[in-house]
Structure formats: C-alpha cells, structure tokens
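Go ahead and model the full structure; you've got the sequences and the hints to work with.
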Amino acid sequence: MIQKPRGTRDILPPESRLFQAVEAAAHRVFQALGAEEIRTPLFEHTELFVRSVGETTDIVHKEMYTFADRKGRSLTLRPEGTAGVARAFLENRLDQRPLPQRLYYIGPMFRYERMQRGRYREFRQIGLEIIGASTPLADAECIMALWEFFAALEFDNFTVHMNNLGDPEDRPKYAQLLRSYLMGSKDQLCSDCQRRLQENPLRVLDCKVPTCKEVTAAAPGMDTVASQASRAHVEEVVSLLTSLGIPLKWNPRLVRGLDYYVRTVFEVVSPELGENTVVCGGGRYDRLLSDLGGPEIPGVGFAVGEDRLIDSLPPAFAAKVTTEVRLYLIPLGNEPALFGLQLARDLIRQGVPVELEVGGRSLKAALKRADKRGFAKVVIFGESELARGVVLVKDLRRGTQQEVPVAELAKDWQREVEP
RNA sequence: GUGAGCGUAGCUCAGCUGGCAGAGCGCUGGACUGUGGCUCCAGUGGUCGAGGGUUCGAAUCCCUUCGCUCACCCCA
Numbered sequence: 001m002i003q004k005p006r007g008t009r010d011i012l013p014p015e016s017r018l019f020q021a022v023e024a025a026a027h028r029v030f031q032a033l034g035a036e037e038i039r040t041p042l043f044e045h046t047e048l049f050v051r052s053v054g055e056t057t058d059i060v061h062k063e064m065y066t067f068a069d070r071k072g073r074s075l076t077l078r079p080e081g082t083a084g085v086a087r088a089f090l091e092n093r094l095d096q097r098p099l100p101q102r103l104y105y106i107g108p109m110f111r112y113e114r115m116q117r118g119r120y121r122e123f124r125q126i127g128l129e130i131i132g133a134s135t136p137l138a139d140a141e142c143i144m145a146l147w148e149f150f151a152a153l154e155f156d157n158f159t160v161h162m163n164n165l166g167d168p169e170d171r172p173k174y175a176q177l178l179r180s181y182l183m184g185s186k187d188q189l190c191s192d193c194q195r196r197l198q199e200n201p202l203r204v205l206d207c208k209v210p211t212c213k214e215v216t217a218a219a220p221g222m223d224t225v226a227s228q229a230s231r232a233h234v235e236e237v238v239s240l241l242t243s244l245g246i247p248l249k250w251n252p253r254l255v256r257g258l259d260y261y262v263r264t265v266f267e268v269v270s271p272e273l274g275e276n277t278v279v280c281g282g283g284r285y286d287r288l289l290s291d292l293g294g295p296e297i298p299g300v301g302f303a304v305g306e307d308r309l310i311d312s313l314p315p316a317f318a319a320k321v322t323t324e325v326r327l328y329l330i331p332l333g334n335e336p337a338l339f340g341l342q343l344a345r346d347l348i349r350q351g352v353p354v355e356l357e358v359g360g361r362s363l364k365a366a367l368k369r370a371d372k373r374g375f376a377k378v379v380i381f382g383e384s385e386l387a388r389g390v391v392l393v394k395d396l397r398r399g400t401q402q403e404v405p406v407a408e409l410a411k412d413w414q415r416e417v418e419p
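The first sequence begins at 1 in the working numbering and counts up one residue at a time.
Think of the hints as simulated: they come from the structure by calculation, not from any bench.
Where a beta carbon is used, it is the ideal one built from N, C-alpha and C, also for glycine.
Wrong hints could be hidden among the right ones.
Claimed, not checked - The calculated label-pair distances, taken between Cβ atoms and stated as ranges, are:
hint : residue 1 : residue 2 : range
1    : 11        : 396       : 24 to 30 Å
2    : 16        : 73        : 33 to 39 Å
3    : 319       : 351       : 20 to 26 Å
4    : 276       : 349       : 49 to 55 Å
5    : 316       : 363       : 43 to 49 Å
As the list claims (entries may be wrong) - Here are the computed lysine-lysine pairs in the DSS-like style, where the Cα-Cα straight-line distance is at most 30 Å:
hint : residue 1 : residue 2
6    : 411       : 368
7    : 411       : 394
8    : 411       : 377
9    : 364       : 320
10   : 372       : 394
11   : 394       : 377
See the structure below:
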C-alpha cells in the first residue's frame, strides 16, 4: 500500500470545512482592508530564496526542497511566501501602480523538517503583505488586520509578541555587544548556547534551558544599540496599537528565522500548541525588494500557519463550522424517489442545502442515520403525502413533526436558518 | 542532524512467563408493515507493518528493515 510522503497530510471532511472557513475569513477580512489576492508559483529559482531568506538561515541551509529540472536548472519548492510575492511584485512592475499595495496569499509551503506536533513538510500559510509604505501606520495596520482575522475566527485570548530588530547596520553591533556580555557567564550556558555564542549569539536569547534563561534575563536588549530612527518607528507602532486596544507583549528576546526582517517583528504563539509553537510571524522588510535587484521599496507583512491555526481554533467555532446544516430528504417508495430527485434540484436552486437518501434505506434506518449524522431536520414523503402536495418535516431535536406544502419548503427552511 | 517511544480490525486499544487473534466504537441489517436517539441481537471487518531467525508451535523471544509519533534543534 502506497502511503503519503512523510510530513504531508490528507485533509478530510469534516476538517476540510475548517480550512474553508478559515480561508473564507481571510478573504473577507483582508479584502475589506483593500488587499487583493496574489498567487505565485509553488516553485521558484533556488537563488530567490537564498538571496531573500538568507544563506545562513536554517530554512535555506537545510530545509529546502531543491531539485534540478530536466535542463539542470536549480529549482526549489517555496519554503515561505514573501520571497515569491516580492519577486512577482518586481517582475510585473507592480511598483508602477499606486502604492502601497496590499497583497495576500493562501497556499502550501514546503520545508524538509523532522515531523513533530504542528510541524509539517507541506503546510499551508495565509499571508498579508503591505508593500510600498514605510510608516509605522502601515505596521500597525498590518497587525490590526491580523488581529481582526483572528477575531473573525472567534479567538478571544491571544497576544502579539513584539520586538525591534533595529536596522541592518545595527545587527552586527548588537551581536558583538551580546557576545561580550554572555562571555562573562559562558560556563553557565548549555553546550548548544556555547556554540551559538560564536555562530549567532541572538539565538541564545531564544534558548529554553532554565540556566541559560537566567543568564540572558538581564542581557542588554536590542534597543540599546538600535538606531534612534528604528526605535522611534517601533515605539510609534506600539503606541498606535495600544491606542486601538490591542494587547502587546514586549519581548526583547524575540528573534525571527528569516534574515530580511528589520525594525518591527512580531509573533503570535498558540497556548494550545505550546509556548514555542508559533502560529503567526511577521515583520518589516525594507531592504528585501532592493536586495532582489528592485527599487528601494519598503514592506511589512506576516504569515499565519494555517494548519497550526486550525489545530488551535476555539472549540465552539470549530463545532459550529463542522455541524451538518442541511435538509435530509427521505423518499418512501419508487414514485417518491423520483419526486425526491426533483425536490433536491428545486431546493439547491433556491440555495437550500440538501441530502437525498439514495441508498434505499427504510424509514427507520434513515432516521437512525440522520441522528448519527447530526441532521436537525428531515423531510419525509411517501405516496400519500405526494397525492396531497405536502411533505412531512420532522424536527429531530424537538421530536415534532408537521405537514408542510411542497411549495413552502424552502421558505420554511430559510425561516429556520435566518431568523 | 541528535535522543526516546510506538506499530494487532476503518478508529481506540487488550492479548500474562510462547499454545485456536479479541473487546469497545464504527459500518450494514434486524427486534409491529411508514418514525430516530436508549437497549438487545446478528452481520461486516486483520498478511498481528515487512523480512529473516529460534521453536513441535511466534502477535508474543532475537536480528534486520520500513513506517509512525514525541522531544531537542528550528520554524508557520
């Protein structure tokens, strides 16, 4: 038996409804803010990701699905969405349209990683990019959009973690500062952190080992060397969001895994999936487009891990989405079966979702099945009902049943669903 | 890349120091002819992940291999 490749998943009903609901919310919220959908290739030239995400990052270093095509060109399945959007933006000269442009995408990403809870090799991201605005207001709008997206999914308790990564020229300065600070307590760091100390001291701030946390607790924050301009920028973003009533948690140890971020960075972690499982990450990337050979156009954006988001959806919302709301049509006999087919056609034309019993079940068996499937209402009709132009509508929850003229069935349903 | 655990029915799992492969749930049907939920009955369903070894006999013990999961790492 052939199985799916490691790290991929089959999204089956009813879970597929959760994906539909989440994506519908994304379309609705982002479009309301003036964003438009962009769809870019699932694979790109490898060079694009090496240059944008960063050669030394883990993503590029060891997690990309890279392959040679038949002409020997090196291609890579996209590990994230922003690079492709930036490339498409430049290639199609979208900078010639009015700026800023708000673009969002929904689709699969690929990273070669070991499987773990909430971590897949093929996973879906929903991302929003605001390209062509460098103001703190743009950052704030971006995070506000994120907030509204989560709110539309009925999340009521989550926090946006924020930090300032400074400008590109600040980062080596900070790495040096942090390294010399940590050198003093080198012996108390775990073996991983002693290695990180040389390679990438910022990562030490991320370590979960308690002794390392103690050492880094009083370490100087990025803002001690961040440029005055970047500090003023991020402070303004915080101020704007605070005025909006969006709770932020300042986290000076927040470090992102992509090199292109500057200044504002933020994350949302899921309490359900554990403290180190990021559901959403984003930030500002003012140098990305110019680094890719384009004009100096700033941008800010985020990506939500759709699979992880769905794993941590509020239960009440998930239950509502997966509940069967449709009329179950049960014909009794051959004449009524034909009528049932016509009735199903008429009802779906009027926007009433139905399920016709086509398995020839007895009434008893059909009702039993209706109960198991969670149908709220069933429609029963035999020859005697048809002769009188009515059907029996049975409410399974209340246990009541009444005759309804066939012509009023759709109206009866709409009254029930949209009171 | 490092470490740990687990593979038995569609699902969740039992199966003792080796002795006829099981339960619950699910699915299908039935218990007054056209009225569900509870209950009861019946049916359905397994190369015990795969290969090899030990043995009269292996789901069980040993070896190999494949697969899955979790943690580290990193990230969505």
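Which numbered conditions among the earlier hints are violated in the structure presented, ordered from lowest to highest?
-> 5
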